[in-house]
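Could you build the full structure based on these sequences and the hints that come with them?
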Amino acid sequence: MNTPNKISICRFFFAILMIIIYCLSFVIEAAPLGTTGFTWIDLVAAIIFILGGITDSIDGNIARKNNLITDLGKFLDPIADKFLVDSALILLSTKMDANGNFLLFPVITILFIGRDLIIDGLRMIAARKNITLAANKYGKAKTIMQMIIIPIIFLNGFPFNYFDLQGLGNFEYTYIITNILGCLALIISLVSLIIYLIQNKNVLKEDKR
Numbered sequence: 050m051n052t053p054n055k056i057s058i059c060r061f062f063f064a065i066l067m068i069i070i071y072c073l074s075f076v077i078e079a080a081p082l083g084t085t086g087f088t089w090i091d092l093v094a095a096i097i098f099i100l101g102g103i104t105d106s107i108d109g110n111i112a113r114k115n116n117l118i119t120d121l122g123k124f125l126d127p128i129a130d131k132f133l134v135d136s137a138l139i140l141l142s143t144k145m146d147a148n149g150n151f152l153l154f155p156v157i158t159i160l161f162i163g164r165d166l167i168i169d170g171l172r173m174i175a176a177r178k179n180i181t182l183a184a185n186k187y188g189k190a191k192t193i194m195q196m197i198i199i200p201i202i203f204l205n206g207f208p209f210n211y212f213d214l215q216g217l218g219n220f221e222y223t224y225i226i227t228n229i230l231g232c233l234a235l236i237i238s239l240v241s242l243i244i245y246l247i248q249n250k251n252v253l254k255e256d257k258r
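With the sequence shown counted from 1, adding 49 to any position gets you my numbering.
Because the hints were derived from the structure by calculation, they are not lab data.
Just so you know, not all the hints are guaranteed correct.
[Claimed, not checked] Only pairs whose alpha carbons sit at most 30 angstroms apart, straight line, appear in this in silico DSBU-like list of lysine-lysine:
| no. | residue 1 | residue 2 |
| --- | --- | --- |
| 1 | K144 | K178 |
| 2 | K114 | K186 |
| 3 | K189 | K114 |
Everything numeric in this text was worked out from a predicted model, so none of it was measured.
Structural data, given as structure tokens:
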């Protein structure tokens, strides 16, 4: 197994560790760190996610630079990416502020995962027809947005939680900001899906017999 594939596997372990750490918040009542609005559990989960995201860039760059692209790598890399990102989105769909507002509406997570399932299905059909589907720039923009907003939501909207309208430090309106960020990433994601389907509509055409 080459180095890029080992790094991809590490991303699975980062995701599992993130899940374990975050789930501690369901059994441990951790106090916020100063006036930040997030706990040590939130901080550690965010750091683990960021480290996992960094491995995504590292393994791809190494594979391309050293011509180490393999079928195993093509299989592991996207699965590891989705396992890390989708796990984080699902966890964050349970995250609420002190007033019971979701910091990421569950429907946003559902649409993110649904979009990825459609893309994966299209790629499976394309693979059977020996067609390679390249990612578009909107898909890459979606990934960058997710890598930015997920740590922010893990940290209860930090640093945007300091923009509370009442200025009382109770983070009452932070959930609006985090969900706006989530919706922006979702819009980019759905736009990339539509463009992807239009560009590759020939994949869905029935083969003439």
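Hint-by-hint comparison with the structure:
With a C-alpha separation of about 42 angstroms, the suggested pairing of K144 with K178 is violated against the 30 angstroms cut-off. A threshold of 30 angstroms between alpha carbons decides the hint, and for K114 with K186 the separation of about 21 angstroms falls inside it, so the pair holds. Note on K189 and K114: the hinted pairing holds, with a Cα-Cα distance of about 19 angstroms set against a maximum of 30 angstroms.
Checked against the numbered hints given earlier, the structure breaks only hint 1 and satisfies all the rest.
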